[in-house]
Structures are given as C-alpha cells and as structure tokens.
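Q: Heads up: the protein sequence lines correspond to chains A and B, in order. Each residue of the first sequence is one higher than the one before, counting from 1 in my numbering. Each residue of the second sequence is one higher than the one before, counting from 295 in my numbering.
In short, the hints are calculated from the structure, not lab data. Note that the coordinates shown come from a computational prediction; the quantities given were computed from them, not determined experimentally. All residues carry an ideal CB built from backbone N, CA and C; glycine is no exception. Where hints are given, some of them may not hold.
Unchecked claim - Partial selection, computed: residues in chain B whose CB lies under 8 angstroms from chain A:
no.: 1; residue: Ile432
no.: 2; residue: Tyr433
no.: 3; residue: Leu452
no.: 4; residue: Leu603
Said to hold, decoys possible - Quick list of the computed label-pair ranges, beta carbon to beta carbon:
no.: 5; chain 1: A; residue 1: Leu144; chain 2: B; residue 2: Ala509; range: 49 to 55 angstroms
no.: 6; chain 1: A; residue 1: Leu144; chain 2: B; residue 2: Phe400; range: 27 to 33 angstroms
no.: 7; chain 1: B; residue 1: Ala509; chain 2: A; residue 2: Leu211; range: 49 to 55 angstroms
no.: 8; chain 1: A; residue 1: Ile81; chain 2: B; residue 2: Asn469; range: 50 to 56 angstroms
no.: 9; chain 1: A; residue 1: Ile254; chain 2: B; residue 2: Ala605; range: 44 to 50 angstroms
no.: 10; chain 1: B; residue 1: Glu505; chain 2: A; residue 2: Ile81; range: 24 to 30 angstroms
no.: 11; chain 1: B; residue 1: Met410; chain 2: A; residue 2: Leu66; range: 55 to 61 angstroms
no.: 12; chain 1: B; residue 1: Asn469; chain 2: A; residue 2: Leu66; range: 58 to 64 angstroms
no.: 13; chain 1: A; residue 1: Ile254; chain 2: B; residue 2: Ala509; range: 58 to 64 angstroms
no.: 14; chain 1: A; residue 1: Asp175; chain 2: B; residue 2: Thr518; range: 29 to 35 angstroms
no.: 15; chain 1: A; residue 1: Arg82; chain 2: B; residue 2: Ile317; range: 40 to 46 angstroms
no.: 16; chain 1: A; residue 1: Leu277; chain 2: B; residue 2: Trp402; range: 32 to 38 angstroms
no.: 17; chain 1: A; residue 1: Asp175; chain 2: B; residue 2: Glu505; range: 19 to 25 angstroms
Claimed, not checked - With the Cβ distance kept under 10 angstroms, some of the chain A side facing chain B (calculated, not the full set):
no.: 18; residue: Phe33
no.: 19; residue: Phe44
no.: 20; residue: Ile79
no.: 21; residue: Phe95
no.: 22; residue: Leu227
no.: 23; residue: Ala228
no.: 24; residue: Leu268
no.: 25; residue: Val269
no.: 26; residue: Ile273
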Amino acid sequence: MEILIYGTVNSVTFALIAVGFTLVYGVARVPNFAHGSIYVLSGFLTYTFIKDLSMPYPLAVIVTLLIAAAIGLVIYRLILIRLRGLPTSEIIASFAVSLIILEGLRMQGIWGFKGFIGPFYMLPPFIEGKVSVFGVFVDYQRLLIIAAGFLVVGALWFFTHYTKVGLKLRAIAQDEHAAMMLGIHSDRTAMISMAIGSALAGLAALLILPLGNITAEAGYKVLIYALAVCIIGGLGSWGGAVLAAFVIGFAMKISTALFGAMWESVVLVGTIIAILLFRPSGLMGRQKELEERV
Amino acid sequence: MEGTKTRRKKRLDRSIKVRTEGIYALSSWSEIGYLMFPRALLIVGLLILPFFLDLYWQRVICQAGIYALLALAFDFLAEFVGLVCLGGALFVGAGGYISGLLNSTFGWHPLICIPMGTIGGAVFSTVVLIPALRLRGIYFAIVSFMLPLFAVYIIIALSIFGGTEGISALDTLPNTWVEIYLILSVVLIALFLVRRLVNEDMGLILRGVKENDQAVKASGISITNYRIRAVFIAALLGSFGGAYLSHLYGWLGISLFSMDFSILPIAAAVMGGLGSLAGPVLGALILTPLSEALRGFGQLRVVVYSVILIAFIVYKPEGIMSWLQRKYQQFEHWEEV
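The shape of chain A in the complex, shown without the other chains:
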C-alpha cells in the first residue's frame, strides 16, 4: 500500500516535471534545456518574495509564475529564435542559458550577492498536516501534488484539443509549413509554447519544492528526469509522457523498497537503456517520430 501511494506521488511528480518540456519540444521542436534552471529559479524567486519582501503566499506564486513565463519568452525571443532549425545550436544555447542561471544562483561574493548556497532554503507547504489513507500517513502537500498533477495534464489536454491557441500549437507541431500557409504565426506560437512550458516548470517547482530543500543541483536532476520521461514516453505525446512517468516512478519506488535507496538511479538508467534497445521510438511514439530519431 505504501509503495502504491508513494509510487503514485513520485510518478505524478515526474509527470509534472516533464510536462512543460514535452509541450515545448512537441510544439516548437525546441529542446528547452533551460527547463531545470527555470524550475530552480522559480523556487528561489518565491522564497525571496515570501521571506524578504513578505508577500502573501498566493501573490508570490502568481508573480513567480508570471516571471517564469516571461523568462521563457525572453530566452526564445533573444536567443532561440535566431537558431531555429539548427538542433545542435539550440541544445547548446539553451543549455548554456541553464548553466548561467544555475551557476549564477550559486555564485558568491560579487557585488555583495551572497549566493543561494546551503541547506536553508525551504518553501512552506500550502497546507500543513497529514492524513491517513488506508493506514499510510500522507501529508496534504503530497495529495495536493497528485490532484494538481492530474488537473494540469487534463487541462493541457483540453487546452491543446479545444482552444484556438492550443490547436495552433498542435498545427505547428504537425506541419509547420502548412500551418504558416493557413496564417498561423510560427514564431509567435513557438514563443507562447515556450512561455507556457516555463510557467509549467515554475508550477512544478512550487508544488514539489516544499517537500525538501531548494538547491541549485536540483536543476540538473530535474532536467535529467524530464529528459528521461520524454525519451521513455516518446517526445511530444501526452499519453506517453504520463505512462513513462508512472513507469519510472514505480520502478524507482519498488527498487528502493526491495534493494535500498541507492539503486534508484541505477534502475533509471537500466529502464532507459532497455527502452532504447527494444522500443527506440518510446512507449507511445508513433511512426513519424521513429523515422526522425532512428
């Protein structure tokens, strides 16, 4: 029972982390390697707003999400827009942005900036307290993550299937040239997707970070998890991403329960390699993607 519940929490966490990355890659074909850094940055921003500027929590959350979206927009507008269609350069440039943000946060002693180093940065949870579910104690924050996770994935599915902007995003993803002929502004749409993706990274950070400390290293870990989910699930497919999140989440929890916590990462690598060997297009990848990646 404990494995089931905590496995679900873990899986939903992965899904939340990966959903923004999948959206941006699936739509704009931009591998946003700055995803992890935006995640960490949002955590630090909220912390600063609450602790140093003493904003109320909900306001801080909203401001942070807006800033995260703005950062995504700026990254796209200033840098990535010049590199569209050059995958190598896109990866390198967005990863460099990620390094600037993460290492910048760790920087110390320049212009009186103290740097975010040390184990002391924690966000308060939205709701305190625990509840017993089938005899297992779960705190409300974890339940909130599950609820929010399903809500976000559902909302995104609705957004990309039934709203005008969402349909534009999918049109660009399917056939950029045809979409442009129908009057869809390719760069503007990609910019929107980048903003939404970054805001989603921020949202994931605000939901997940109260469970532990905020550290700059988390940025690399988050990026890896997002990439792992996308590889296993097949990039750009919602169902695949969610399924992959559950596969990884449960695989890691079960291996922890059976062999101990240190095997987590080993299992993660094993899963990825096995998937690459047997299903190179990912669990739910379609034929088109197969052509692209193999």
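Start from chain A and add chain B according to the hints.
A: Below, chain B alone, put in the same frame as chain A:
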C-alpha cells in the same frame, strides 16, 4: 533600400591562395611556405610556448591540452558524423578511472596505465553508447548528456572506486617536461590525424552518414558500424585526456565526470569554429587560460564561458578559425553599391 547608398564588403581570393590549390603548390618555395606557415605556426608555437611560462601556467597548458582533445572529439562527432555528444565527461571519466585504478591496484607505471586507460575507456564508452547510437540528433544528445551524470550517481550509490572521495596518491608522471610535451604532442598528432581521416574514404562515408543516412544504407554500408567506429575514435581522444588527467594530479574522483569536461570543450569548439577541427583546438587554448584566470571568482567562470558560448553561437556562428582563414586567404574592401 532604394535611393540610399549602401556599402558592401567585397572579398577576393588572394592570387597565391589560388595558386596553391592542388599540385601547383609544389611549384615554388613561396607557395609551399604560404601553405605551411599556419601549420608551422601552430606546431612551433605550441612546442616553444612552455619555455615562456612558469610552473602554474604550464599546468594550465596541460589542462588546455585535455580540453583541446575533447573539443576536437566534439567537433569530429558533431560536424562529420552528425552525433551531438554532450557527454565528453563520460570519456574523461572512463579513461581516468580505468587508468587510475590500474595504477592503484597493480602499481603499474603511469606510462603503461595511460595507454591502457585510453583504450579501455574508449571501449567502455563506446559499449555504453551503443544503445543510443540508433538515435539521431537531439535524442543522442540527451542520452549522452545523461550518462556521465548517471555514472556519478552509480559510483556514489554503490560507493565503489573510492566513492565520493576518490582515490588519491596515484603515481604521477616523471617530471613537468614529460607531462607538458606528452599532452602537446598528442594534441598535435590527434589534430592532424583526424584532419587526414575526415578526408579519407572513411571520412566521406561518415559525412554521408551525417547528411543522408538512408542513402548510405542503400549503398550497402552499415551506418551503425561506422557510427561505432567514429564514437570509438572520439572516445580515444577523450579517454586519453582523462587517463592523463588522473596521473597529472595523481588523483581520481567523481569530478572526472563533472560537467566542465562536457561544456568547456563545446564552448571552445563553438568559439573556434565548428567543422574546422583546428578551430576547437585553438578555442580550447584560448578559453582554458581565460577560465583559469577567473578561478578566483568561483562559479562566475562557468557563467562567463556560458555567456561567451551564447554570444558566439548567436552572433558569430562561424567562429574564430574561419575568420582567420578568411583574413589569410582573401583580401576585402568596402565598395559602394
């Protein structure tokens, strides 16, 4: 644009450049000299450079050599095989660990351990990367980026090979001059060998794999086979860097897998000019001392070379090397249009 006078830059090949194409280069000493001058400048420059430096900066040159090898490997894989490898640290780590472990377990001399570490590390990295070789473009980049980080997790989790602390007190190389000339000669040899390789038949096939792998496949040539060979060659360069590094400082640890070894070479390659092979080496020789000079500022140096990387990739994607080449081979002047 109508009505306004605009200027444009007109470029013309120097006559000597045209005369030195093909067999005619052998027709006179001045033309041979024109061809040989840049190469000779690089070789002689690198070989006499250590005499002008003190011990500290000699060490920096050793490191620059390691980064130059990695940058060369990155450029070779990215521009000639079409595999963007963000995991240069995997090569360094594999080579460094194998060489260091051989030394600490059996007590063999570093000059035996380094070649064994080079080959062993290259074989290991290639085998690890084989499942990913079926992938293309960003997918390969993603997997190669994750592997060194996972290697760190695994070493910490299982606390094998000295765990977090690593193994210290490995044998070092006999003296500074051996250290510095070993790496410099390997860099030069590797540079000219790879340059030759990409112009041979194998280089042609590799470029075919990059541009249109279906066509290569249709010619009855196995793509995966050639990709494996290419990765092995690149891994040889990186693993030598790692094996050498662990004996340079007499220490091995998880920082051999650190991201510096993946990122700085890429920055160097972009700065020097992708696809020119000599450019990345040049870039590493410029960027490493720069990053060393900023060492006092801690994490700022990572930020600085990331900014340089973005600036070059956005505003000057051709890199330093092709700029130099243009200056050497062409004259240019403004003309009114």
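Q: A separate judgement is required for each hint: does it hold in the structure or not?
A: Outcome of the hint check:
1. Ile432: 5 angstroms, holds
2. Tyr433: Tyr433 (chain B) check passes; min Cβ-Cβ to chain A is 5 angstroms, inside 8 angstroms.
3. Leu452: 7 angstroms, holds
4. Leu603: 5 angstroms, holds
5. A:Leu144 to B:Ala509: 49 to 55 angstroms: 54 angstroms, holds
6. A:Leu144 to B:Phe400: 27 to 33 angstroms: 56 angstroms, violated
7. B:Ala509 to A:Leu211: 49 to 55 angstroms: 51 angstroms, holds
8. A:Ile81 to B:Asn469: 50 to 56 angstroms: 53 angstroms, holds
9. A:Ile254 to B:Ala605: 44 to 50 angstroms: At roughly 47 angstroms between Cβ atoms, Ala605 (chain B) and Ile254 (chain A) fall inside 44 to 50 angstroms, so the hint holds.
10. B:Glu505 to A:Ile81: 24 to 30 angstroms: Roughly 26 angstroms apart at Cβ, these two residues keep to the hinted range, so it holds.
11. B:Met410 to A:Leu66: 55 to 61 angstroms: 56 angstroms, holds
12. B:Asn469 to A:Leu66: 58 to 64 angstroms: Since Asn469 (chain B) and Leu66 (chain A) have Cβ atoms about 60 angstroms apart, the given range 58 to 64 angstroms holds.
13. A:Ile254 to B:Ala509: 58 to 64 angstroms: 45 angstroms, violated
14. A:Asp175 to B:Thr518: 29 to 35 angstroms: 30 angstroms, holds
15. A:Arg82 to B:Ile317: 40 to 46 angstroms: This hint holds: roughly 42 angstroms between Cβ atoms.
16. A:Leu277 to B:Trp402: 32 to 38 angstroms: 36 angstroms, holds
17. A:Asp175 to B:Glu505: 19 to 25 angstroms: 23 angstroms, holds
18. Phe33: Nearest chain B Cβ about 8 angstroms off; hint holds.
19. Phe44: Cβ of Phe44 (chain A) sits 15 angstroms from chain B, so the hint is violated.
20. Ile79: With Cβ-Cβ at 6 angstroms, under 10 angstroms, it holds.
21. Phe95: At about 7 angstroms, which falls below the 10 angstroms cut-off, the nearest Cβ of chain B leaves the hint on Phe95 (chain A) intact, so it holds.
22. Leu227: Since the shortest Cβ distance to chain B is 5 angstroms, the answer is holds.
23. Ala228: Result: holds, 7 angstroms to nearest chain B Cβ.
24. Leu268: Status holds, d = 7 angstroms.
25. Val269: 5 angstroms, holds
26. Ile273: Interface hint status for Ile273 (chain A): holds (5 angstroms vs cutoff 10 angstroms).
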